[in-house]
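So the sequence lines, in the order shown, correspond to chains G and Z.
So the first sequence is numbered by our numbering: it starts at 1 and just counts up by one.
So the second sequence is numbered by our numbering: it starts at 332 and just counts up by one.
No wet-lab data here; the hints were simulated from the structure.
A virtual CB, placed ideally from N, CA and C, is assigned to each residue, including glycine.
A few of these clues could be false.
A few chain G residues facing chain Z, derived, Cβ under 10 Å [claimed, not checked]:
| # | residue |
| --- | --- |
| 1 | Arg67 |
| 2 | Glu87 |
| 3 | Tyr88 |
| 4 | Asn135 |
| 5 | Met145 |
| 6 | Phe146 |
| 7 | Trp161 |
| 8 | Phe179 |
| 9 | His180 |
| 10 | Ile181 |
| 11 | Gly182 |
| 12 | Asn185 |
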Amino acid sequence: MKTTQTVTVGDGSPAGGTAATASVPPARGPRRGSGSRRERATRWAAAGFAAPLLAYLVAFYAIPLYRNIELSVHDYTTRAFVQGNAEYVGLANYVDVIRSDTFTTALVNTGLFVAVSILFQYSIGLGLAVFFRQNFRLSGLLRGMFLIPWLLPMIVSASTWSWMLNSDSGIVNSVLQAFHIGQINWLTSPDTALASVIIANIWLGIPFNLVILYSGLQNIPVDVYEAASLDGASGWQKFRLITFPLLRPVSGITILLGLIYTLKVVDVIWIMTTGGPGDASTTLAVWSYREAFGTGQPDFSPAAAVGNLLILIALVFGFVYLRMQRHQEES
Amino acid sequence: MTGPREWWKTALGVVFTALMLFPVYWMVNVSLTKTSDMRADPPHWFPWDPTLEGYTAVFSEQLPNLGTSLLIALGTVALTLLIAAPAAYALAQLHLRGAGTLNFVLLVAQMIPGVIMAMGFYSMYIRLGWLNSIWGLVIADSTVAVPFGVLLLTTFMAGIQKELLQAATIDGAGPWRTFRSIVLPISRNSLITVSLFAFLWAWSDFIFASTLNRNGDLIPITLGIYTYIGNNTTQWNSIMATAAVASIPAAVLLVIAQRYVAAGVTAGAVKD
Chain G
1 MKTTQTVTVG DGSPAGGTAA TASVPPARGP RRGSGSRRER ATRWAAAGFA
51 APLLAYLVAF YAIPLYRNIE LSVHDYTTRA FVQGNAEYVG LANYVDVIRS
101 DTFTTALVNT GLFVAVSILF QYSIGLGLAV FFRQNFRLSG LLRGMFLIPW
151 LLPMIVSAST WSWMLNSDSG IVNSVLQAFH IGQINWLTSP DTALASVIIA
201 NIWLGIPFNL VILYSGLQNI PVDVYEAASL DGASGWQKFR LITFPLLRPV
251 SGITILLGLI YTLKVVDVIW IMTTGGPGDA STTLAVWSYR EAFGTGQPDF
301 SPAAAVGNLL ILIALVFGFV YLRMQRHQEE S
Chain Z
332 MTGPREWWKT ALGVVFTALM LFPVYWMVNV SLTKTSDMRA DPPHWFPWDP
382 TLEGYTAVFS EQLPNLGTSL LIALGTVALT LLIAAPAAYA LAQLHLRGAG
432 TLNFVLLVAQ MIPGVIMAMG FYSMYIRLGW LNSIWGLVIA DSTVAVPFGV
482 LLLTTFMAGI QKELLQAATI DGAGPWRTFR SIVLPISRNS LITVSLFAFL
532 WAWSDFIFAS TLNRNGDLIP ITLGIYTYIG NNTTQWNSIM ATAAVASIPA
582 AVLLVIAQRY VAAGVTAGAV KD
């Protein structure tokens, strides 16, 4: 594995500024037995270059995550939070959370939010990617403009959607009125609150799907299509028999990344409905946020328990993603 | 293929783009609407009688918040590059031991929901006294960008020709010199891509801002908009004007760096 490695010269001081001690220039190609000292030096250099990252990961990933687990097995009040004398309660918070009425609602809402969002983001993104794949004037520019919504701060998009979906003077209801559809209380009715945040979230996710699927399409060789054209395949046949099957690995990864991202979403929902009315648009992530930061009285322990359950779900999809990616690299 | 067919497609493309960008247009439209016209039914489709009162409000009330956001975003870019670039070099070229494990950890790190990180940081910061501080937010925001940055830069740096680095070695350059004078300049484009994303993520962050910096004197612009929504719901032109101003970095970056954006998304998702 290491037979062809480039051996760099150094005195072994990790990432130090004076690492350039003169040394015998390496012969062309790997020489047996000559590498051990230099290999060791390289190893030290590698460790030195990676050390800041390792320290960073411990301090700003491992410790916060550890604190989160600690929160979830204690009974933390705001005062105990500062004084650090919370009572150990084991898995009681988890039991409470799962038994609570909100749990089923949040779980179902999370499922709907994720599934419906991804279904539409993906199919609209794919349709647009196929459309923009064709060469026509301005196609590059227009495709570029599709990125704008995705780059806007979430608070901007979410508050714009809130105003558009406003019951009395929102543009959406005004347009619907032209089609003789009566006023819909998008954000304030329990029947439509979830749909509203899903619509906004679909809009937010289209650019991402478009970009990835478009790049996937570009990797499909043109001559496959030319051959199909010679055989007299129609546009739809080409899509069904060539584009879709050849795009499958990219599609899989797009959807799985979408799953992981969508599970995490808090801001759109929180800004538009704060998870309400009632629990109507509360997902697991929003629930966790609300318990910890959304009310005047923070309740960190159940919030952390919900959060940890969410990590578990995200990790399941995450591992599927990793497997798929490895599978794809092998083939 | 040219002629009428192409025109038809361009027209369709324009319609799709217009539909997609309608909310953005609407934001600008509302930002220019007078408060008295705000509740008009049906709403005005165009700012016939535009007002700049919303923008006046932004510049009189939100200017410090824009500055805070800029500071946080630039800090996040700096911290991200400082951590990610050397680590990526170690992973890509220096045969770091445990590289596989580290890559795995970085992928998993990207899957952890922001809410959970926010809670962890809150409980850490409350003890360290870092709540409501700019560096506290810089660190929290960088947790989104660092794993992404390392993975993207590793992919790029792995593609650097071995001969080039070997030549530097022959000239007597140590790993640090090689990194500074060869690897970094060559990686310029991917460093720009990472900076771009780190900047945008930090600039638009809401979760960390709303949990770790809610009572500070200096709040980021996203929180500025959020408190607007809570405080005076009639001032939608001010809210939308602030939103429009807060979107400017994204718009500017998109124009300047369109290809980097596309490269970043793809590199973050599909390795090929």
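Verification of the hints:
no., hint, in the structure
1, Arg67, "5 Å, holds"
2, Glu87, "16 Å, violated"
3, Tyr88, "16 Å, violated"
4, Asn135, "7 Å, holds"
5, Met145, "5 Å, holds"
6, Phe146, "6 Å, holds"
7, Trp161, "6 Å, holds"
8, Phe179, "13 Å, violated"
9, His180, "14 Å, violated"
10, Ile181, "14 Å, violated"
11, Gly182, "14 Å, violated"
12, Asn185, "15 Å, violated"
In summary, the structure is inconsistent with hints 2, 3, 8, 9, 10, 11, 12 from the numbered list given earlier, while agreeing with the others.
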